[in-house]
Amino acid sequence: MDLKLKVNGEDWALDVAPADVLLDVLRERIGVKSPKIGCERGDCGSCTILMDGRTVRSCLVLAIEVDGHEITTVEGISYEGFSELQNLFLQNNSFQCGFCAPGIVLAATELLDHNPNPTRHDVQEALAGNLCRCTGYEPIIEAVLAAGDGGSE
Amino acid sequence: MVIAREFDYQRPDTLAKAIQILEEYPGSVRLLAGGTDLVAWLRDDAVAPDLVVDIKDVPGLHALELEGETLHIGSLVTFTELIESELVREHAPLLAEMAETVASQGIRNRATMVGNICSAVPSCDAGPVLLAYDTTVHVVGPDGERSIDINDWFVGLRQTARTDEEVVTHLTIALRPHGGVYVKLMRYAGEDLAQAAVGIVVYPGDEYRVAFGAVAPTPIRSIRIEEALRGRPLDESLITDVVSMVRSEISPITDMRASAEYRARMTEVMLKRGLMAATERLAGTGPAYGTRLI
Amino acid sequence: MTTEFPFEAETADGDLTSVGTSAVRIDGLDKISGAAQFVDDIDFGPGLLYAAIVESPYAYARILSIDTAEAEAAKGVVRVATGKDFPYKFGMYMEDRYIFAQDYVRFVGEQVAGVVARSHREAVQAAKLISVEYEVLTPLLDPRSAVADDADLIHPDLDDYTHVPWFFPQADTNIAHWRKIRKGDTKKAFAEADYILEDTYRVPRYAHCAIEPHVTVSKLDYADRLTVWTASQSPHTQRHLFAEALAPLGFSHKDVRVITPYVGGGFGGKAGVSMEILGAAMATLVKGRPVKLRWTREQEFYNTYQRQGVVAELKVGVKNDGTITAVEHKLYWDAGAYVEYGANVVNAAGLSATGPYRVPNITNDSLCIYTNLPPGGPYRGFGYSEFHFGLESHMDRIAEAIGMDAVEFRRKNAIVEGDELAYGAHMNPSGMIEAIDRTAAAIDWGVEEKSDNPNTVIGKGIALFWKAPAMPPNSSSASFLKFNEDGSINISVSGMELGQGYLTVMAQIASEVLSVPVGKIRVETPDTDRNPYEWQTVASHVTWSSGLAVEKAAIEARGKIFDVIHQVYGYEDDSLYLEDEAVKCKTDPEFSKPLREFVIDGIQTEDGTWRGGPIIASGKFMPEFTNANSDPETGQGGHPNVHYTVGATGVVLEIDKDTGRIWVRKAALAVDAGRAINPDLVNGQITGGLVQGLATVLYEDMRFDEGGKMMNPTFTDYKIPTAFDIPDEIIPIIVEVPQPDGPFGARGVGEHTMIGAAPVIANAVYNALGVRITSMPITQEKVAMAIFEKSEN
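Residue numbers (the working numbering), protein chains in the order written: chain A, 137 to 289; chain B, 298 to 591; chain C, 933 to 1725.
Keep in mind that the hints were calculated from the coordinates and are not lab data. Bear in mind that the values here come from a model prediction, so they are computed numbers and not experimental data.
Quick list of in silico lysine-lysine cross-link-like pairs, BS3-like style, CA-CA up to 30 Å:
hint: 1; chain 1: B; residue 1: Lys569; chain 2: C; residue 2: Lys1382
hint: 2; chain 1: C; residue 1: Lys1525; chain 2: C; residue 2: Lys1492
hint: 3; chain 1: C; residue 1: Lys1251; chain 2: C; residue 2: Lys1120
hint: 4; chain 1: C; residue 1: Lys1007; chain 2: A; residue 2: Lys140
hint: 5; chain 1: C; residue 1: Lys1251; chain 2: C; residue 2: Lys1262
hint: 6; chain 1: B; residue 1: Lys353; chain 2: A; residue 2: Lys142
hint: 7; chain 1: A; residue 1: Lys140; chain 2: B; residue 2: Lys314
hint: 8; chain 1: C; residue 1: Lys1722; chain 2: C; residue 2: Lys1589
hint: 9; chain 1: B; residue 1: Lys314; chain 2: B; residue 2: Lys353
hint: 10; chain 1: C; residue 1: Lys1344; chain 2: C; residue 2: Lys1598
hint: 11; chain 1: B; residue 1: Lys569; chain 2: C; residue 2: Lys1722
hint: 12; chain 1: C; residue 1: Lys1251; chain 2: C; residue 2: Lys1119
hint: 13; chain 1: C; residue 1: Lys1344; chain 2: C; residue 2: Lys1120
hint: 14; chain 1: A; residue 1: Lys140; chain 2: B; residue 2: Lys353
hint: 15; chain 1: C; residue 1: Lys1219; chain 2: C; residue 2: Lys1021
hint: 16; chain 1: C; residue 1: Lys1414; chain 2: C; residue 2: Lys1552
hint: 17; chain 1: C; residue 1: Lys1112; chain 2: C; residue 2: Lys1262
hint: 18; chain 1: C; residue 1: Lys1641; chain 2: C; residue 2: Lys1060
hint: 19; chain 1: C; residue 1: Lys1714; chain 2: B; residue 2: Lys569
hint: 20; chain 1: C; residue 1: Lys1516; chain 2: C; residue 2: Lys1552
hint: 21; chain 1: C; residue 1: Lys1552; chain 2: C; residue 2: Lys1186
hint: 22; chain 1: C; residue 1: Lys1641; chain 2: C; residue 2: Lys1021
hint: 23; chain 1: A; residue 1: Lys142; chain 2: B; residue 2: Lys314
hint: 24; chain 1: C; residue 1: Lys1344; chain 2: C; residue 2: Lys1251
hint: 25; chain 1: C; residue 1: Lys1589; chain 2: C; residue 2: Lys1382
hint: 26; chain 1: C; residue 1: Lys1219; chain 2: C; residue 2: Lys1007
hint: 27; chain 1: C; residue 1: Lys1589; chain 2: B; residue 2: Lys569
Only some residues are given here: those of chain B computed to face chain C with a beta carbon under 8 Å:
hint: 28; residue: Arg484
hint: 29; residue: Met553
hint: 30; residue: Val566
Even for Gly, the Cβ is constructed at its ideal location relative to N, Cα and C.
Using the sequences provided together with the hints, build the complete structure.
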């Protein structure tokens, strides 16, 4: 089936089978690797993408469903230069293995876009769908709160 | 694991076309809205449809509006949209409170409340809340429109009153001033399926609706508890009375998630805390909607 | 008597510029930008094949037949493999394991056959077409029934298995290894004790749950060279095991190359070899084509190493003044169907099951018992978390029984430098007393707190921990180092960046010696062809061991730099030093030669000729004071552990009296890092390890059905913490009593931060509710039911 979509600002036209999952199509056919395969059930959040500005678990979407839509991943956010949030993650040594990081960056980006000054609880809620086994979340939460304060430390 | 078994896909752009497909397609069909249940089932090989019908392009299914005293919720309205709707927060805050407990942001951005009650798993969050509200499910099929009282909606384990040829178009909730609560027992503070759940709505004059989730094959209402509460101001002894009725109203199971005894005990605690919170909220006090009580 | 260390590690004179700073991670940019590449992200072109595995549905069965005909004929299938293609055994410490099951399957999920196909979908579809006939046998699902006299032998040929000399398999039993410690006279000591406490503690199995699943891509090229790209903690050990397992096919180490990029979490689960052998083996059947095998999350749960379960029988005797006089600790390990790696967990625990205490009389037994459950293996803590649960619960109970404060009891008995260990060697320098005191202070120990909420109560708990790296006595690390034209440095090591910050720490060590900023040092992820040997990135030992190798390489490079300067300018080596990326001279303050001017090109002399050339160096480290000699009956005589890292954990909990819900309000954790090379990274291990430890006691709950099948192999039902499920406040405390032979005094901390979490919760729950729970996990349900039971009695 014909699939047309925009990924990180670039137009794509592909032929996909209905059973092709968006996560696999992004990684294998479009070459965008930051959304990861972690659980394929929507439990871990490592497959997270932004679709029309909102986080979506790309492992639970059939590729053909996104015909006509716009998808952004962390490569798209990073292209013109890192966001303040990304710089805070970097300076704060927030990530360890980095496998959950793309999903977390997008979840935190969505939060700050809709709620520029989140509370700690707001940050936890926004990130609750992204599992991280390494960090215990604290340095990640700190960086997002710092981004929300309207200025870097 | 990929989705191993292949299937066809159609995305009709009118309701009539969607129904025609359901009526005429020779093989098995599954409807697709948010997909957060269906796509996982496809991967697990738990369902094997020949055709998936995506209804996201069908117009008129996404409305979220108040018509007089009736709240109209289109079948494509997502949990996130319920949470972010000022209309819902003001007029039916229990929907938002329940929606916030469903999975996580990335799931809620896609998953629909109607999809939740169509999947109809015993722990579906929307079940107890819609049962506690005055809810009607509206479907359209080859024979036209049909309204199904929510109390007739859950007919068995994962089974609803919808036929294979019908599409749910929207829900309506008849609203009046109320207090309510959705108490959900989880295994931790992060996302989880309900291990037991209580949904309560109380109207002025001590008129109650009490529903339970995850403690029976379907979400259930307890008319008996409602009758015991009706017209009586809530006090400790009344609470003790109705709490002692819980065990006879529910039939929890022991599975790998929780034991029946634990579920039953906790439901008793949840009913008590829920009744107090709901009546306080009706009076304009009590814990803010969204506060976890258990 | 103090321990003598054979190698006096480099200590800096003057102020440190890099070591001790919280430098920004050198892989940080990769991780915030999406640039970090993991195995599954590597493209292999249109020729990439995919593998899918057929698994046993039974925990114990004889394989009668495998019919692959339909699968072989299926669309897209290139090759089908079964045990017949690879009738070889292999294993890390004991060769008891197969590539594909041979005549028997020994756990639910064990691999029986594999399909290689042109697409993932086709592989999965074809795998369903393979039919296997089994004769189902009765599985042994717990360690105590597996050691009953009439128990079936899961490995009847145990006595013939090759194994390391420090294992003691018991022929004609299911006991694959039995570590015994006999010291002093416990019978007499118990007879003379003033108080004795005896009880049994139960700890179930746990899963690592790294967010990246195991994955390999393997290719045997037309020149018979096997390359395996793998998410592994141990590229050289993997190469070694692949070469050994496939030796019958003619492979040896030179023919095998392992390439490991970033790893998305290991926690021990990606050490050794588990599923990777399947990819490597199947690749040999499809020469010239790369084959990807990626585990699903479900397979990740039930067919990779699991943390072994244990039943711990503990008896401790004390004097009225609180002195511990005797410990009898019997550990029955549920080690699973294959113990090639897990037996060393049993060994390590057995050596140290007194806990961090001074104990003169010891009778400890640690039994590695075969069961028909997934293979146990390395998991962060390596047996220590498992036995500390019971041990630290027990110590609290004893303190209460004799009327002594729990912290005072620990202080009195805590092991200190010079004390004799269970196997006869002596304790290294360590700050246990400081750790205890600072942890207790952080949670206001001794101050009872009352809750503002009438529904809740507050409880506090304390628990100590210790651990030594569990390694063969000759585990080694090595490093290459080279300069580039701009004065930047490339370091090659084969330790793995699992997220702990290993690459950054290596860079900081080199930076300190060579005065090159961390931002100008790249430490490369390994390729076994290019990078020198590292045993494995496990055991919390690479900061120490690989750090020493890097330090030595940096010192060698520095020596070569000074040699060139001396050669050209005449300054004596001991008058030279490095500062701000330049060579300077103590006796000639004007002299400053920037490194970038000569580290590739050399220095031109007066007559126009050149001296020097590329500055390259190497370093290696292998401890020369360890040995695995030990009497099989007493455990005495050896020096198996290089050193211990110690620490303490404290918590303040709030518990809902009606529901058993626990909030961890405050958690303090002190660990003696010797020297925190990067304090941020040490804090990262404290926070991350503590949360992972708390998860094992509060949330994670692995269940098996009566057939030995894991019932909850998903994150839906095996709960690991989300951003909501963390303490309100974590207080990390870094103690620094230097490790004399460590790089700048450093020793490892990565595993240790998990170890105290389970008992500290048990102790705080008791403190709050008066309820003592002696089995894990301590879930809300378990606490609630205990509360209900108590109120009814």
